[in-house]
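Trainee: All chains, full assembly: derive it from the sequences and hints.
Residue strings, one per chain:
2 protein chains.
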Amino acid sequence: MELKTLNEVEINLVTSSKINQVDFENLTFGNIFTDHMLVCDYKNGAWQMPSIVPYAPFMIDPSAKVFHYGQAIFEGMKAYKDQQDAVWLFRPDENYKRFNKSATRMAMPEVPETVFLGGLKKLLEVDREWVRKGKGNTLYIRPFMIATGHGVIAAPSQEYRFMIILSPAKSYYSGEVKVLIAEHYSRAANGGIGAAKAAGNYSAQFYPTKLANEQGFQQIIWTDDATHTKLEEAGTMNVFFRINDTLLTAPTSERILDGVTRKSVIELAKRENIDVEVRSVLVDELVEAAKNGSLKEIFGAGTAAVINPIVGFSYLGTYYELPKLENAIALEIKEKLTNIQYKLADDTFGWTVKI
Amino acid sequence: MELKTLNEVEINLVTSSKINQVDFENLTFGNIFTDHMLVCDYKNGAWQMPSIVPYAPFMIDPSAKVFHYGQAIFEGMKAYKDQQDAVWLFRPDENYKRFNKSATRMAMPEVPETVFLGGLKKLLEVDREWVRKGKGNTLYIRPFMIATGHGVIAAPSQEYRFMIILSPAKSYYSGEVKVLIAEHYSRAANGGIGAAKAAGNYSAQFYPTKLANEQGFQQIIWTDDATHTKLEEAGTMNVFFRINDTLLTAPTSERILDGVTRKSVIELAKRENIDVEVRSVLVDELVEAAKNGSLKEIFGAGTAAVINPIVGFSYLGTYYELPKLENAIALEIKEKLTNIQYKLADDTFGWTVKI
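Sequence lines, in order, name chains A and B.
Going by this note's numbering, the first sequence wraps up at 355, each residue one higher than the last.
Going by this note's numbering, the second sequence wraps up at 355, each residue one higher than the last.
The set of hints was computed from the structure by calculation and includes no laboratory data.
Be careful, since some hints might not be right.
What the hints assert, rightly or not - Now the stretches of chain B that chain A is said to cover, found in silico as 3 or more residues with beta-carbon under 8 Å: (1) 29-43; (2) 125-138; (3) 144-153; (4) 179-187; (5) 238-246; (6) 269-279.
Think of the CB as a built atom: it goes at the ideal place given N, C-alpha and C, for glycine as much as any other residue.
Mentor: Listed below in structure tokens is the structure:
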């Protein structure tokens, strides 16, 4: 599959690229941006002509609604370069569809496919040198939309800005990850915005995560806010539990993000004849499995880290360490998934899309 | 009581005021801003020198964390001018304390009192002509803080901007307000950020409110997200229910904002020997009271509208109209509260603070 490009676009290129100042071997995730960005404004009820311009700060009014009422959504995607120097995306249509679902939930206008996917293709053509060859090298893609309309009255904005910025990244390694099972704090409400990739969902987790960090845990696995008995997701990742030889993960809901890596893991595991059960997983069940030794693995699945193995979890003050396996499913799936992404294995699913 | 002013401040005044271009008799809420604003940046772990500068757009990086992770909080306050041309605030210490509580919950730094209250006093001194005499005229005050640090990684920002902007307002009249009792959508989670004045709490309500608007309801009274059986708040207002001659309102919690108008209404009602019960109010109880005629009034309490009477509510498809009373408690309390705010009645509570 190949994406259609965006023809109706104004392009204003940098006079000199900053690419030679970048140390691609020592990148901190999400800190360095490429030469250009895509900008498209929405006003008078319509999307205006998009433009590709040098990456730079922009002017915004102090009363812009994004600052006061938090109308802001985003996506996370990656571009990969294969051995023949072709640039590939992974299931970009899934990100595009989810972006517009988030937009609807946050009372924001949907972004046209030509602007989101066509604009991304054009931007990647312009900044294609920033996608580096070699497994582990990616270009992280951040499409986002903010409410730019003026006025401190709590109502949806009439004006918006859609942007895509690009950040070169190395394979994301977050060290040994120990997690805390949430006992008090929560990420999302029933009937809330937990399934949307809305900015406010992330800052809501910072304070409880800070408290967890202080206790030596890198992340939190959130539970349902009403009873704290069901395992949900980890905020920047969906979560899988391996009990004996079965992979378990919570069904998506209004409280849980419908992760692209999550659904790819499920499909890939099924192809590999691994038992996958998509159902409510109880905290009690996890603790019991940890105690009787049937809990073999826990791992997160998300765009940034792809698969993030978890070494242990804490619940009600007790820490449960997971066994160190030689044949972890997490690593097997990560290998197969990244091989598809880097075009090192046949993409029998049709997930990869050429730029 | 009188506020201390901020002495350590850089001031850069406009060359000519735009005040004569403003039609103070026809103001739309929150759309017009005064000549100046206060700006104070936080970086390297410390608040920098604040400045008062002409109200204007400012530059911000596309990767600023406020756009991606929603670290943004605000307050809503008002300034009033008395008959002797003195400018007054209403319980500003309450807004200041709540602002820093919001900051903590959103993993943002606390703002010093000298910057928040001292800076506000200085800014009001500079723009005092914008506070108009006469009951119904106010200057709406919007202190807010946003995460300005760069980088698309979900973690608290290292840099922030605190700002105060001012908007002249007429007495807020929102027309006849019919409300919908939430049956599916929710505003806040247990263990979530509902008690913080965080930007994300507001945009989360826009879509369900839009759906309510399409059915002819101006606002939603939110219920607890787990069972939808308890009445909570209205998103921009706390809510009071009068059953027979008792005022009922929900206790504050992690899901409910600790409103300054709410607590003032409670104290004022008690002084007037009105029975007030702060306790969980059930939807069933409200419906039953509406059916048997003991439900006399519902009203919202918040800074913008002060008191907002509600004419009826809908629940599970049935609309319940409230009686039209000659001696509504809502209007009596509004009159007494605004008389204190405009210094037309003795402030026996010590709520008003002179600038």
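Trainee: Run every hint past the structure and note whether it holds.
Mentor: Each hint tested on the structure:
1. 29-43: Holds: 5 residues of the segment 29-43 of chain B have a Cβ under 8 Å from chain A.
2. 125-138: Result for this restraint: violated, n = 0.
3. 144-153: holds (count 7)
4. 179-187: holds (count 5)
5. 238-246: The restraint on the segment 238-246 of chain B is violated, since only 0 of its residues have a Cβ under 8 Å from chain A and three are required.
6. 269-279: violated (count 0)
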